[in-house]
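Participant: Whole structure, please, built from the sequences with the hints as guidance.
What follows is each chain in one-letter form.
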Amino acid sequence: MKYYKPATFEEAIALVAGAEGVTRILAGGTDVLVQMRSDIITPDTLIDIKAIPGTHEITRTEDGGWRLGIAVTGAEMSEHPELGRDWPGVVEAMDLIGSTQVQGRATPVGNLCNGSPAADSVPAMIAAGAVVTVTGPEGSREIAVDEIPVGPGKTSLAKGEIITALTLPPRGAQGGDAYLRFIPRTEMDIAVVGCAVNLRLNGDVITEARMVLGAVAPTAVVVHAAADALVGRTLDEDALSALSDLAEASCNPIDDKRGTIKFRTHTAGVLARRAAKIAYSRAKGAKA
Amino acid sequence: MSKTHVTTKVNGDEVEFLCDPRETLLDVLRDRLHLTGAKEGCGTGDCGACSVTVDGRLVCSCLILGVEAEGKEIGTVEGIAEGETLHPLQQKFIEYAALQCGICTPGILVATKALLEKNPDPSESEVRYWLAGNLCRCTGYDKIIRAVMDTAAEMREAS
Amino acid sequence: MALDSSKTTGFKYVGTRPNRPDGLDKVTGRAKFGADAYAPGMLHAAIKRSPHAHARIVKIDTSKALAMEGVKAVVTRADFATGLEGEFGDILENVMAGEKALYDGHAVAAVAATSALIARDAIKAIEVEYEILPHVTDVDAAMQAGAPVIRADAADASVPEGLHPNVVRYYESGHGDVEAGFAEADLVVEDHFLTEATHQGYIEPHACLGTLGSDGKGELWCCTQGHWYVQKVCAACLGLETSQLRVTASEIGGGFGGKTTVFIEPVALALSRKANRPVKLVMTRSEVFRASGPTSSTSMDVKIGMKKDGTITAAQGTFRLQGGAFPGAPCEMTAMCAFAPYDLKHVHQVGYDVMSNRPKQAAYRAPGSPMAAFAVESVIDELCGQLGLDPIDTRLKNASREGTRASFGPTWPRIGLVETLEAVKAHPHYAAPLKKGQGRGISCGFWFNHGGETAVSLALSEDGSAQVAVGTPDIGGSRASMALMAAEVLGIPYEDIRVTIADTATLGYNEISHGSRVTYASGLATIKAAESAVQKLCARAAAKWGIPEDAVYWEDGYAKPSGPNAGDFEPLHIDEITATMGATGGPICGHFEATPEGAGVSFAAHIVDAEVDPETGKTSVVRYTVVQDAGKAIHPTYVEGQFQGGAAQGIGWALNEEYIYGADGRLQNAGFLDYRIPVASDLPMIDTVIVEVPNPGHPFGVRGVGETSICPPLAAIANAVSNAVGVRMRQLPMRPSRVLEALESAADG
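Protein chains in written order, with numbering that gives the first Met the number 0: chain V, 0 to 287; chain U, 0 to 158; chain H, 0 to 748.
Every clue listed holds true.
Simulated crosslink set (EDC-like; lysine to aspartate or glutamate; CA at most 16 Å straight-line):
1. Lys-4/V with Glu-69/U
2. Lys-4/V with Asp-19/U
3. Lys-535/H with Asp-574/H
Honestly, the hints are just simulated from the structure, not real lab data. Source: prediction; values computed, not measured.
Facilitator: Right, dumping it as structure tokens:
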């Protein structure tokens, strides 16, 4: 295995484009190193992007959103004084991944590129409308986060392309997001089901709604009908019931060691209600 | 065989080593620097027995490559005591019998030291969640949590 | 004089809570565990393992691995002894497969190379051709007609005719007439219970460093609960004379029974012999799960009859234990422990040891007992619920006590079950109110405890301090207990005693640290060794004073004349005697070698409050109290630690831990990510009550404490969850999906 630590994205892209065999980008490494240790993959080329300037920074964009460097860790997101006020759901989703130790290394972009259907930060980022900058030999383009995963362990990135930044949109007024996952223990498990909800209100009335489920299909599931069910009404019992039913109907899970189809489907409905309530109260001004 | 030359600081001492890029920081600490305080309980970031700090940040040394240590400052359990004087956490762990077999102890000490530096007054729940990535199979955590809470209280009084 | 320091009260050191002698080593990273040893010229080894649950090994081609730069030796079964039978034959077959791979993870070859990375790469280059055979991993399926036969002719003479060849041992005991007893009952409950295999889950993977020469002499360093046993097994597997192999036990990073046997040590030695260099071999976590010993999974039927007043009229149990691809599942222990807490007129229990294509089960903390308690104590809880009886009063009414004929035959000596149950009844936890969604469960548990071959040596230094060599690895602070007991006898401060775990060349045979035997047996031996040293100290004083030896007695570290008739002499302190011992007869040492038979059985009872999320079926343990008879707590803090640790392991077993096999017979969760042991945030504080009903078989009254603490939790938690959700939980683990199904069935029902 060859290890490179490029100083610029140009250099990194040239390395990725020119490498043969299996190439992996190393940011936090909390997935890549596990896969190496377990002999699931042994990269021929490993490109450590953490020496590239700006990859560790969290900065406010001109329009009031947030730009995260691709080596920004979960711990850095949690410790940031303002990010969590705007996007508590995204921050808490990232914070749920692994231990304190893993938080010191793991990155949302790594979580995305690993392609796990159960990645916690991904539903939250999609619900928030997050966008990544993808850069290749031909230049850069902005892509919505939900277009990156295409299947378990697979992304839509072309050879030679890497993600170079993550952008969260401006929070704006009366918005709130939340992420919940179900695990058997209190910590350290992979999500059996994950659910992110992002709402905007006008008074008590919902004006925008997005719900995204994790671990219930080969990729995160955007429940488009959630907006139809919620927009124009308050989060009353009928709305919650509708949302819960929609969540269950949107599941296409598998039976595996972490959960059954039946349990995942049922629990998606439970989490949808719970996450929506939290997002709603945050949109109404409750602190995360 | 192509090895990489790495210069780093471990517990304040500058060290140099050659390593294969596939070797983890844990492999390097143990097999090349013979600092065997950090333990490999799983190799996959699930048990925390290999906990160290890198530039002050708590991490699993099994989830960092040795080559990534270049230019960093590493802190291990061997650097917690100052000379003959044990860190208050070390003292309390002995007094409270917060260990039985002791294999998880180095990782838990590194982790709790990092916690108390960040949060000198943690709640029981905060200590438990902070340590969720440090598995202990002997104690049921009871005496560990008590030792950490008491150390924190004593350190607050002393400061 | 005949010295006897037996006592159950009036202790000066015993029962205090000093810092453990090895505390500093353990908190500074200095303590050397299995993987912490290095030797000049050392090679690193790795093991090639079968990916198949059951397969004939057609061919192993090691040529590509051997050709790799840095590879120094490859071994297969051909490099080990031949003709071994019985226990050692099974261990060797498990250490390195012969004709067949018997489970996913079974070792088939191994490599030693100049680095761990090269060794890992080299095992991938070993080519193994398999002929895949049908497999079975479920205990009930393995007993069915037509199930694949794991190994023909493995059954012993105990097995009745007509059973599947996978049933390899059979146990049956009891007394009275259970049918007559059931006829007397007002209510009979019969139920079927299942538990999945769990792993001991020690955080330290198996590790060793071995050196073996062509002269048949070897050195082995390893993490083990018993290095004399390792010595014996390795010698057999490699065709050595036992005494030519010296084994040193490292500090041990947890065992819980899982390090009472041998998995990798003969492989390291075989590689070392072939490469003529020291070889280090460390299991990965995945290997620990796939190829070291988990517990048995079980399938159990229990039937109990009870009168309206709570009197148990009869009890019957059938316990089927899946033990992996070798005989040895503790079916008789399960059956014997099942009804041990109760005074029963009519009782009958049956155990089956069943083989399957899983790793060879190994002991796990009171092997077999927790599962039995789960089934039996669940049925008792159900009976109490249906008859409206208090669960503690009912257990007290039927409790075994001194003079009771035990369910498996013997008559109980002095035991502490009644005192334990009374302590539960008096505990504030038992009467505390429960919140909505919560349930309370209680359960009894029983374990035999054990004595076993034991040798201890004690030597006094010129300054009057003492060094004690024991042969039982210190798994959880036993050095402190040994030092306390030696201090009590010698009358010198605890700090003046250094306890060392001796290697196999230094003491006679010591049985493994198992059966909760260390504080009992090594403790007894330490007391006796100290007494023999005291006797010699008294003799030196007598000689100095010119009086008979029996006119001198020992008190608080001093030799004293026994009375005015003996003469008027200033008491001699130990250091005054040892300072001149070279000139007064030579070194003063004490030793003791025996097989103590007086281990006292122990009982525990646990109280658990569980809260269940009715929407997801997720259980949280919100309050936990352990009450257990320790006989005498030598170091109460470490006794509490054993109580808490057993409870925590039981919580994991009850709620989330399990071996998950796919249809292909492969283990799907060979890591701490999906083999879910409790993490710190999962557990509450675990309260403890130490009951002390002295064991007459130990000078200070010690009973073993380590294992009994894991016997009640499975049942106590199952009872708590069952009471919270209103449905009897009959299968472990009670993972959320299973509890949710129970809730749904209750809603439908």
